[in-house]
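Peer 1: In full-length UniProt numbering, the protein residues as written are 1 to 105.
The reader is advised that the hints may include incorrect statements.
[Unchecked claim] Simulated DEER-style distance windows between Cβ atoms:
#1 W47 x L77: 14 to 22 Å
#2 L75 x D16: 32 to 40 Å
#3 G8 x R67: 32 to 40 Å
#4 T10 x K71: 21 to 29 Å
#5 G61 x H7: 28 to 36 Å
#6 D21 x G74: 29 to 37 Å
#7 D28 x E58: 27 to 35 Å
#8 G74 x T40: 19 to 27 Å
[To be verified] Pairs of lysine-lysine, DSSO-like flavour, derived with a Cα cap of 27 Å:
#9 K78 x K51
#10 K78 x K45
#11 K76 x K100
#12 K31 x K76
#13 K31 x K78
#14 K31 x K60
#15 K100 x K71
#16 K78 x K100
#17 K71 x K60
No lab work stands behind these hints: they were computed from the structure.
For each residue, glycine too, the CB sits at the ideal point set by N, CA and C.
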Amino acid sequence: MATLEIHGKTFEVDGDGFLTDPSIWNEDVAKLFAEADGITELNDKHWAIIKIIRDNFEEKGNAPMVRTICKETGLKLKDIYELFPLGPARGACRVAGLPKPDGCV
Numbered sequence: 001m002a003t004l005e006i007h008g009k010t011f012e013v014d015g016d017g018f019l020t021d022p023s024i025w026n027e028d029v030a031k032l033f034a035e036a037d038g039i040t041e042l043n044d045k046h047w048a049i050i051k052i053i054r055d056n057f058e059e060k061g062n063a064p065m066v067r068t069i070c071k072e073t074g075l076k077l078k079d080i081y082e083l084f085p086l087g088p089a090r091g092a093c094r095v096a097g098l099p100k101p102d103g104c105v
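All chains should be built: construct the whole structure from the sequences, respecting the hints.
Peer 2: Rendered as structure tokens:
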């Protein structure tokens, strides 16, 4: 099992840097992972995306399709990439504390 250390806190992650235990996620963890990805501050748009991803994961056990994220937030795909430069899967899902998505997010 790999680990990731951010500001003295250590997290168990998979080979791609995703949390292996999504139940340890909280807003502080999100801020740390975002910072590790080069996002200095999470704004309301970031949190809206994270909430949709977390809610979908808790309800259905997986990440929502990017189309769902766009529809529910009113953001375009390019906006999501501006907020999460690593993209909806690698960036947003990772900051939201999900395991690595299997398919296309």
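Peer 1: For every hint, state whether the structure bears it out.
Peer 2: Cross-check of the supplied hints:
Roughly 18 Å separates the CB atoms of W47 and L77, a value that falls within the hinted 14 to 22 Å. Checked against the hint of 32 to 40 Å, the C-beta distance between L75 and D16 comes to roughly 24 Å, which is inconsistent with it. The given range of 32 to 40 Å is respected by G8 and R67, whose C-beta atoms sit roughly 38 Å from each other. Our hint of 21 to 29 Å for T10 and K71 is violated, since their Cβ atoms are close to 37 Å apart.
Checked against the given bound of 28 to 36 Å, the beta carbons of G61 and H7, roughly 30 Å apart, stay inside it. Taken as a hint, the range 29 to 37 Å holds for the pair D21 and G74, whose Cβ atoms sit roughly 32 Å apart. For the pair D28 and E58, the beta carbons lie near 18 Å from each other, so the given range of 27 to 35 Å is not met. Range check, G74 to T40: Cβ separation about 24 Å, and the 19 to 27 Å hint holds.
Under the criterion of a C-alpha separation no larger than 27 Å, the hint pairing K78 with K51 is consistent with the structure, at around 19 Å. Proximity of K78 to K45 is assessed by CA-CA distance (about 13 Å); at most 27 Å being required, the pair is judged to hold. The suggested pairing of K76 with K100 holds, with an alpha-carbon distance near 22 Å, which does not exceed 27 Å. At roughly 23 Å between alpha-carbon atoms, K31 and K76 fall within 27 Å of each other, so this suggested pair holds.
Simply put, K31 and K78 have alpha-carbon atoms about 22 Å apart, close enough for the 27 Å limit, and the pair holds. The hinted pair formed by K31 and K60 meets the criterion: a straight-line CA distance of about 24 Å does not exceed 27 Å. Restraint check for K100 and K71: satisfied, since their Cα atoms lie roughly 22 Å apart, inside the 27 Å limit. Distance check on the hinted pair: K78 and K100 sit about 21 Å apart at the alpha-carbon level, within 27 Å; holds.
Using a Cα cut-off of 27 Å, the hinted pair K71 and K60 holds, with the two alpha carbons roughly 18 Å apart.
Taken one by one, the earlier hints fail for this structure at numbers 2, 4 and 7, listed in ascending order.
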